[in-house]
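From first to last, the protein sequence lines stand for chains S and Y. Here the first sequence is numbered in my numbering, starting from 1 and rising by one per residue. Here the second sequence is numbered in my numbering, starting from 1001 and rising by one per residue.
In case anyone wonders, no lab produced these hints; they're calculated from the structure. Beta carbons: idealized from backbone N, C-alpha and C, even for Gly. One or more hints might be untrue.
Claimed, not checked - Ranges between beta-carbon positions, derived for each pair: (1) G30(S) to Q1088(Y): 39 to 47 angstroms; (2) G1078(Y) to P33(S): 40 to 48 angstroms; (3) I31(S) to R1211(Y): 15 to 23 angstroms; (4) Q16(S) to E1027(Y): 34 to 42 angstroms; (5) S37(S) to A1080(Y): 24 to 32 angstroms; (6) P36(S) to A1026(Y): 37 to 45 angstroms; (7) S1076(Y) to P33(S): 40 to 48 angstroms; (8) S37(S) to R1173(Y): 21 to 29 angstroms; (9) S37(S) to E1152(Y): 34 to 42 angstroms.
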Amino acid sequence: MSLPPGYLLPEGKSMQDILRMDAELLSSEGIDPQLPSFEEPPEGSEADSD
Amino acid sequence: MEPPVDTVPGFNAVFGGENRESMNDAELLAFAKRVVDRAWADLPPADRSLLEAIRAEGRDATARPLGAYTDELRRSAGYASFPVAEQQRQDAAAGLWIPELRLVLLNVAHPSFQDLDQRSLGWALARVAWHEWGHALAFHRATSEDVSRGRELLALAPPSMAENVRSADYRQREYTHEIVAEVYALLINRRRRGATGRPPWLSTEIYELVRRVVGWNQ
């Protein structure tokens, strides 16, 4: 089995396009796609418990 | 060893974000490392525990092309180099999971990050890290049958995701792994925003595949 080659961008697309795709999918289920500051931990999240 | 970031040509010049302009190269790399640590903390505790159990919790950011850099790391650990063509392919990657070294590595100087402001950069770096941890969790549990169903799974994926996987430089036998890793990154993103379970935009078949090969139970 071959190893994953790493994260490759689609031809002609930027990371902005990838983030836009994510936002569209999240929006489609009613999730606010706005990006809070990433370094702030999500409030009340289980992820805080590390 | 990795050279000081201020010796990497054009490292800071590629970044034009409004908040990022004030960061020098060292600060930018330090930011990326903090984001990767934050992204690690966002993984479900069970996933972190599993990765730690197999000593796959290694993570870092660099400002060097990943093929060349990881080749140095692998050779210094006693592993043979990949063929040049494979190293060049890895050079084109924004992130990489290196099974032998149990390491997820991001290239913060990758051109794909160049037009992002600091906030978007943080999310983009985290997204790539989550994608690579998806590989780390799933790689040994995906069966050869799963791998052989890549094209079929692509047809079941959200159209925008399928198009991205199809138009990147992935081989057909890599489609299954890439779909699983992309979905895992999005599931972590959703979880961070309080959403769990199967997203309505994801087919039951792919969701069950992710549950099986990643162990997703959120």
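Going through the hints against the structure:
Under the hint 39 to 47 angstroms, the C-beta atoms of G30(S) and Q1088(Y), about 42 angstroms apart, fit the expected range. The hint said 40 to 48 angstroms for the Cβ distance between G1078(Y) and P33(S), and at roughly 45 angstroms that hint holds. Against the hinted window of 15 to 23 angstroms, the Cβ-Cβ separation of I31(S) and R1211(Y) comes to about 20 angstroms, which satisfies the hint. At about 22 angstroms, the beta-carbon gap between Q16(S) and E1027(Y) misses the expected band of 34 to 42 angstroms.
A beta carbon spacing of about 42 angstroms between S37(S) and A1080(Y) contradicts the range 24 to 32 angstroms that was offered as a hint. For the hinted restraint 37 to 45 angstroms between P36(S) and A1026(Y), the CB-CB distance of approximately 25 angstroms leaves it violated. The beta-carbon spacing between S1076(Y) and P33(S), approximately 42 angstroms, falls within the hinted interval of 40 to 48 angstroms. For S37(S) and R1173(Y), the hinted distance range of 21 to 29 angstroms is not satisfied, since their beta carbons lie about 39 angstroms from each other.
The hinted range of 34 to 42 angstroms is satisfied by S37(S) and E1152(Y), whose Cβ atoms lie roughly 39 angstroms apart.
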